[in-house]
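S.K.: The chain contents come next:
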Amino acid sequence: MKRQLELKVNGLGYSLEVDPHRTLLEVIRDDLGLTGTKLGCGGGECGACTVILDGKAVKSCLMLALDARGKEVWTIEGLSRGQALHLLQQAFVERGAIQCGFCTSGMIMASKALLDENPRPSEQEVKDSLAGNLCRCTGYVKIIEAVLSVTNTEKR
Amino acid sequence: MDEYSVIGKRLPRIDAIEKATGTAKYLGDLKIPGMLYGKILRSPYAHAKILRVDTSKAESLKGVRAVVTGKDTQGLLLCVIPHLANKTPLAEDRVRFIGDEIAAVAADSEEIAEEALDLIEVEYEELPGVFDPLEAMKPGAVKIHEKGNVAIHISRAYGDVDKAFQESDYVFEDRFETQAQLHCCLEPHGCIVHFDRLGTLTVWITTQVPHPYRKMLADLLKMPMNKVRVIKVFMGGGFGGRFEMDPMEIIAYFLSRKAERPVRIINTQDEQFTTGRTRYPMVINIKTGVKKDGTMLAREVKVVTDNGAYNSHGITITMGVGTKCTYLWSLPNVRYEADVVFTNKVYGGAFRGYGNPQITFAIESQMDMISEKLGMDVKDLCLKNANYGGQVTCMGHKVTSCALKDCIEKAAETVGWKEKRRTQGDRGVGMASLMHTGGGVRLLFGDCNLSDVFIKMNNDGTIDLASGMAEIGQGSDTALAQIAAEELGIKVSDVNVITGDTWTTPQCLGAWGSRELFVAGNAAKKAALDLKQKLLEEASRMLGVGVEELVAKDRKVSVRANPEKSASIAQVATACYNRGRILAGRGCYDDPTTYIPDANTGYGGVPTYAFGTHAIEVEVDRKTGRVKVLNYVAVHDVGKVINPLLAEGQIEGAGLQGLGYALSEGLAWEEGIVLNPNFQDYRIFYINDTPRIKSVMIESGDPDGPYGAKGLGEPGMVPTAAAIANAIYDAVGVRIKSLPITPEKILMALKEKG
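These protein sequence lines are chains A and B, in that order.
At position 143 of the first sequence (counting the first as 1) the number is 142 in numbering that gives the first Met the number 0, and the numbers step up by one without a gap.
At position 12 of the second sequence (counting the first as 1) the number is 11 in numbering that gives the first Met the number 0, and the numbers step up by one without a gap.
Misleading hints may appear alongside valid ones.
To be verified - Not close to chain A: a few residues of chain B, all C-beta gaps over 12 Å, as computed:
1. 119
2. 732
3. 739
Stated by the list, open to error - Below, simulated DSS-like cross-link-like pairs (lysine-lysine); rule was C-alpha separation at most 27 Å, straight line:
4. B:419 x B:752
5. B:142 x B:70
6. B:378 x B:736
7. A:126 x B:693
8. B:24 x A:55
9. B:627 x A:126
10. B:622 x A:126
To be verified - Computed from the model, here is a short list of chain A residues facing chain B with C-beta under 8 Å:
11. 38
12. 91
13. 133
14. 135
15. 136
No lab work stands behind these hints: they were computed from the structure.
For glycine and all other residues, C-beta sits at the position ideal for the given N, C-alpha and C.
Kindly produce the complete structure, drawing on both the sequences and the hints.
M.R.: Below, the structure is given as structure tokens:
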């Protein structure tokens with residue numbers, strides 16, 4: 000039986016009817032067409048599905064869409080508009096923190112949640128915060144560099 | 000002074016913004032109108048006869064649009080090497096590993112397809128299984144395939160091996176074992192297949208080899224190649240795991256044919272971990288003869304490869320190990336014997352290094368042991384026996400550019416070898432080197448190693464570059480753009496790279512064997528030069544000077560002696576257009592290797608070799624057996640750096656895969672059941688246990704590579720496991736000869752040592 004769901008994603012309101020068993024990830028991707036958030040393992044282990052929910056990084060594959068009712072969701076698509084990039088996106092691009100790109104959306108959203116809460120994290124804090132986000136391409140070296148480079152700039 | 004405008008520059012990859020903004024579309028992001036969702040019924044038994052499959056209940060479920068079984072796919076056999084094929088897309092009367100495909104359903108939703116799978120009735124007669132290749136080789140072992148359990152026996156010898164062993168002062172014999180490593184691409188494998196009513200087959204897929212894949216499909220399904228369109232979309236990692244046809248794609252084809260709709264199948268994580276390809280586990284016996292002064296005389300290698308249930312790349316990888324064991328270090332005499340053996344487990348496939356991480360673990364661990372016995376620093380032993388430019392190996396391989404000695408010296412210097420080696424305490428340093436193809440190999444897809452590139456110039460001086468190469472995250476599209484921009488004197492942003500679609504791109508063997516930069520890079524350079532010639536001819540008409548006096552740079556063609564006299568490339572292109580002429584270039588490159596290293600096998604003409612040395616410092620906790628990587632220095636002879644940002648990325652990423660291979664990764668089985676089919680239990684390195692890998696690149700300038708460059712995709716993980724094993728020995732004096740080197744193994748060895 001479908002249920003009514005009022006959802007706020009990237010600052011826009013949506014009125015949806017969803018089956019109760021559907022995850023936030025499924026609704027974001029299939030109903031809203033926001034495919035920047037990725038389905039990797041589907042079990043909360045890889046972090047490719049990371050979005051920001053009321054300021055916290057969450058794994059959207061583990062969360063029921065109905066549980067996001069009344070909360071504010073931000074996905075990679077909401078981070079910047081047009082040709083402009085968010086500082087984190089810029090840093091990931093310029094510092095080579097992207098290879099295949101499949102982990103990138105989740106990695107950037109997890110980094111944003113960290114920096115919003117802790118604007119000047121140490122390298123260890125960056126590593127601890129991103130420990131739930133796997134990358135098989137980069138060896139993480141350039142991801143760490145990218146996040147730290149943003150902490151050293153004034154505007155975020 | 001650097002003469003280049005774009006080559007060697009630290010530039011972001013050209014697809015980075017698409018990926019950073021979430022706009023890049025991967026397979027799972029595509030919705031084709033009318034698309035159905037496919038699911039596969041897999042065997043719960045490691046070995047069984049199939050007595051009956053009844054799909055009638057599934058077929059009558061609402062929302063089910065097609066069901067297929069082995070009867071539909073009958074007669075088809077899959078393998079990247081067609082004459083070795085023995086895998087049916089769907090089982091006909093026998094299943095040979097847990098996860099073997101039996102039947103499949105296409106339905107309106109994944110939920111309905113899953114429900115339908117539960118309604119398929121299968122009657123099995125369970126058979127005893129065999130899971131260890133050494134057991135499977137014994138007489139009387141359960142037969143997995145009719146012809147027996149040994150897929151192939153390989154036997155080769157170069158030089159006079161017996162005599163060389165007699166002349167050796169010392170002979171070392173050791174046994175090493177390696178495990179099944181998974182690619183762990185973050186994006187699970189999948190496809191969308193549409194066989195339309197006009198008989199055109201379109202496949203959206205995450206493949207590393209779009210053009211060879213298209214040929215495989217056409218051959219298998221007996222279709223004209225121009226009716227087969229393969230579209231490689233953005234893909235979440237490759238590493239060799241998408242270098243062949245998976246049964247799912249043929250299954251989706253039959254479902255699509257039946258339903259007359261596009262069908263999508265994507266692996267779940269569990270399917271990916273239990274039925275996806277793996278790195279082949281090997282048991283390696285290695286015997287090496289040396290003189291007192293460290294001169295290496297002979298090597299004998301015996302390998303047993305665990306092929307899993309069916310043939311894939313197992314035979315060619317094991318043949319490749321036979322080649323690789325002849326060439327690292329200068330050795331005049333080598334003998335190789337190998338068996339590739341079936342077991343009732345998931346079958347392996349290609350994986351970054353193609354057998355080299357396995358054999359290099361053995362060779363380089365043993366080098367460390369030899370040096371200790373001889374009382375020599377292993378660094379000196381390696382320098383003494385190092386490969387060199389102009390060398391012809393005992394098998395007949397010709398080495399062109401080679402900076403191996405520089406790699407060894409640089410790695411030692413950077414890690415602090417002199418100060419840290421053989422010191423007291425729980426810290427140690429180890430090193431290991433590598434030799435690997437830096438430009439693919441001939442004879443895997445025909446007697447060629449080619450890539451073709453087309454470029455057309457637009458009126459505004461921008462270009463569209465079409466290549467059959469596959470961008471899989473390694474950055475080949477960016478390298479091709481840089482090369483074309485360099486030659487034509489335009490900006491990288493002026494280059495639109497078109498890859499992935501076999502209907503719009505020219506022939507190329509694809510992304511494997513570290514061949515992208517060397518082969519497709521050369522093709523791009525050739526195509527750009529072809530176009531440039533026409534561009535300069537037109538400019539010569541406009542400016543009234545000879546072609547040889549013109550330079551293309553900064554989006555302008557100008558007279559070398561008088562740079563004021565110039566025309567913008569856009570003006571030249573427009574002028575050309577207005578005379579009814581088109582500016583286009585074509586470059587087909589086939590590597591220049593014409594010799595056959597071994598006339599008997601005919602295998603393995605390689606255009607150039609990549610070299611490198613890794614030096615790693617570790618700390619071992621004697622109480623827990625845990626290894627902490629303190630310092631990781633990776634030095635590579637890359638020929639020439641085309642883009643440092645991307646080159647470092649290859650070394651760092653490969654190094655971390657190597658650390659996983661060395662220390663934590665590996666499928667665990669019990670009676671054919673995978674015990675760790677997820678990222679919780681199968682541990683790749685997380686960001687918080689990652690050391691900073693320091694990459695150093697040496698430019699040896701390859702005579703045939705574009706600007707002197709050679710491949711770098713695979714080499715970075717080849718020596719890691721041996722360097723780690725050697726560092727652990729230096730730290731706490733225990734020699735671990737099986738991978739992964741877990742804390743348990745270290746603790747046991749420490750206990751034994753007392």
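S.K.: All hints, please: hold or fail.
M.R.: Hints and how they fare:
Consistency note on residue 119 of chain B: stated as away from chain A, and its beta-carbon is indeed over 12 Å from all of that chain's, at 23 Å minimum. No Cβ of chain A approaches the Cβ of residue 732 of chain B within 12 Å, the least distance being about 29 Å, so the stated non-interface status holds. No Cβ of chain A approaches the Cβ of residue 739 of chain B within 12 Å, the least distance being about 17 Å, so the stated non-interface status holds. For the hint linking residue 419 of chain B to residue 752 of chain B, the alpha-carbon distance of about 23 Å falls within 27 Å, and the restraint holds.
Note on residue 142 of chain B and residue 70 of chain B: the hinted pairing holds, with a Cα-Cα distance of about 24 Å set against a maximum of 27 Å. With a C-alpha separation of about 20 Å, the suggested pair residue 378 of chain B and residue 736 of chain B falls inside the 27 Å cut-off, and the hint holds. For the suggested pair residue 126 of chain A and residue 693 of chain B, the alpha carbons sit about 18 Å apart, so the restraint of at most 27 Å is met. In summary, the hint linking residue 24 of chain B to residue 55 of chain A is supported, as the alpha carbons are separated by about 26 Å, within the 27 Å threshold.
Annotation: proposed proximity of residue 627 of chain B to residue 126 of chain A holds, straight-line Cα distance about 16 Å (limit 27 Å). Restraint check for residue 622 of chain B and residue 126 of chain A: satisfied, since their Cα atoms lie roughly 26 Å apart, inside the 27 Å limit. About 6 Å separates the beta-carbon of residue 38 of chain A from the nearest beta-carbon of chain B, less than 8 Å, and the hint is met. Here the hint on residue 91 of chain A is kept, as its CB sits about 5 Å from the closest CB of chain B, short of 8 Å.
Hint on residue 133 of chain A holds. Least Cβ distance to chain B is approximately 6 Å, under the 8 Å limit. Interface restraint check for residue 135 of chain A: the shortest CB-CB distance to chain B comes to about 5 Å, inside 8 Å, so the restraint holds. At its closest, the beta carbon of residue 136 of chain A sits 5 Å from a beta carbon of chain B; the interface hint therefore holds under the 8 Å criterion.
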